[in-house]
Amino acid sequence: MKLLMIDDDTGLCELLSEYLLSQGFEIQSVHDGEQGLKLAQANDYALILLDVMLPTLDGFEVLKQLRQTKLTPVIMLTAKGEDFDRIFGLELGADDYIPKPFNHRELLARVKAITRRIEHINSLNINTTNKLLVNGVTINLAAREASIDENTLTLTGTEYEILALLCKNASQVVSKEQISEEVLGRRLASFDRSIDMHVSNIRKKIAEHIKTERIKTMRGSGYVFIQGE
Amino acid sequence: MFSSKASKSGALSWLKHPRHYLFFKIFVWFWLTIIGTVTALVFLSNISVLNLVSNEPLHGPMEKNLAYTARSIERSAYKHKRSLESILSHPRLSKRKLLYLSAEQSDISFTNKETPINIDLSLLNFTKNMPPQIVFTEQYQAFGPVQLTVPEGVFYLYEIDINNQPPLFIRLKLMPGWIKVSIAIIASLILSFLFSRNLIAPINSLKKAAIKLSSGDLSARAAISTNRKDELGVLGRDFNSMANQLELLISSQKRLLADISHELRSPLTRLKMATGLAQMQANEASQSYLLRIEKEANQLDQMIADVLQVSRLEAKSQTLAMQKQSLNVIVEHVLNDAKFEAKQYDKQLTITGDASVTISCDEALIASALENLLRNAIKYANNTISIKLSHGDAVHIEICDDGPGVPNNQLDKLCEPFFRQSDARDRVSGGTGLGLAIAKNAITAHNGTLVLSNKDQGGLCANITLPIIKE
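Line by line, the protein sequences give chains A and B.
Quick note: the first sequence uses the numbering used here, first residue 359, plus one each step.
Quick note: the second sequence uses the numbering used here, first residue -16, plus one each step.
Everything labelled a hint here was simulated from the structure, so no lab data went into it.
Here the structure is a predicted model, which is why all the values come from computation and not from measurement.
Glycine included, C-beta positions come from ideal geometry on N, C-alpha and C.
Among the clues, some could well be false.
To be verified - Across the chosen pairs, the derived CB separations fall in these ranges:
| id | chain 1 | residue 1 | chain 2 | residue 2 | range |
| --- | --- | --- | --- | --- | --- |
| 1 | A | ALA400 | B | LYS396 | 57 to 65 Å |
| 2 | A | LYS562 | B | GLY441 | 52 to 60 Å |
| 3 | A | ARG463 | B | SER198 | 42 to 50 Å |
| 4 | B | GLY441 | A | THR575 | 42 to 50 Å |
| 5 | B | VAL340 | A | ASP554 | 20 to 28 Å |
| 6 | A | LYS562 | B | HIS316 | 23 to 31 Å |
Unchecked claim - Listed next, the in silico BS3-like pairs over lysine-lysine satisfying Cα-Cα at most 25 Å (straight line):
| id | chain 1 | residue 1 | chain 2 | residue 2 |
| --- | --- | --- | --- | --- |
| 7 | A | LYS534 | B | LYS322 |
| 8 | A | LYS396 | A | LYS422 |
| 9 | B | LYS307 | A | LYS534 |
| 10 | B | LYS438 | B | LYS396 |
| 11 | A | LYS422 | A | LYS526 |
| 12 | B | LYS307 | B | LYS362 |
| 13 | B | LYS307 | A | LYS574 |
| 14 | B | LYS212 | B | LYS8 |
| 15 | A | LYS562 | B | LYS307 |
Working from the sequences, and respecting the hints, build out all of it.
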């Protein structure tokens, strides 16, 4: 499985390559934003590790431009405590973030959580038409796509996973903890807003096609996908 | 760089620019005040019963003219054997200004025309024995007396000018006593007020700036006009440039700390990564050392995060993710962790009151403030940590321990970054010395207050007040 790492810390790139290689991931590293963006657009990586502070083009700009053409999963490497970076990254369509300096095991866990889904699809037969239709939203479990009236929603991997999870449990409250563990592969940290950010992104994308709200917030407990008007 | 002009140009330089020196100012102002007082006193002493009348000697053509009139009256009386009355009523005299003749011995008097009712000519009788002069009264001005002898006896002649206002000085002299006193009082009041304000205003402004500066507001400056050249002006400017230097030094020191901390992160990330790699290949013996390296790296990581958080909060560059949240949710979350932590140390956590109130806050920040205070309390408590929650106009949270407390003179310093009360408070329990600083700054960022105090029966109490934002 091939990953792309865009980080100007060459030393870290070397160490991380070595570590992830030992875990079965091949890493290609580039050290500036522009080059990173070109590579990301030209190839299909399983995952991109993207630093925020980059020469020539910063991480947010790379993500913004990449998202116009590709939905490759992206984990942002943010500076710890910079809440704004984290939120902004998720808003732009990052799948997850990990604050620097990170623990190597934690990084591995997140990389695995996201790549596992891809492995999972690859093992499935794409041709099986395993579809779910809930209240106007069609989830194509095989193609990992969600659509409304033949219009495919441009969801990131994480957004798709969350929407699929909510649809599978339509009319039931799905807690943020459950979403975090099943989709991001990690326990929900206290006061972590990332699930809210993802759900807010999904809502915006659904709202482009359907005016009425589909996902309801249950204060303090989680989210519900509404079945029936 | 701050040397004043006085030291350069010698002792007598104040003679060249006297206005630049406070000494001169004080001197002149005192002088003026004393002159004012003396003048007022002189005025006051002049006030007497007689001061309705004032006079000065008569000289020149006016005197000659009056003498000539007297002689011509005498001539008419003796040569033409006419009575005084008929002489005065003669058109030649009756057309002139008002003439007043008063007998030497008796109260008999004559005038050449009708006297206005409000004019009291008898006042002039006081001046009969004086040489010719100008007599000022409130209503008129009289010239005389000139003595003349007629068959009826000896008379004194005055010429009266009714419409003439007496000169200013005389008018002042003629003013009633209470006006004079009031003027003296008001004038000296205004002078003294201006004097004191001139002196005290810059001192007050310096005082205010100094208090603000010492309370940590490094942007405080004394409001002293740049035109002011005296000692106070120089002092004010020296104070301001001192404050500038101080602000520059402290802000650059803080920035340096933040920059260093930020830069430390890259090597720290690599260190952690390298440790991870080493752990994968290490044998039993070296594994424990690697764990230790990892633990220390984590500690370093936490310290850097804390330093950055404090400096962001102090610089007010932290973006607060404000949202409405029930305090219960935050408190519950923090308390769950704290209970677990307290249990590990075999200490008890008691909670009273309730926090069912919605506040607008950055919950992560408030939680970290509470966490830090609780951790501190758990660390120093002997047996129990008590938490009291209440809310009215504001939210009050009290966190007390039953530990040794802190000497009163060090209470203020507890919230300073890296402050350690004594060697006894070491890093055994893994603190970074920044917990209270974070708590204080986080609460201040929410317009709340954190007050630390000692309980009478021993132990430290942290009192948090957070405003409730009403809609």
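Unmet hints by their number, sorted upward, for this structure: 11 and 12
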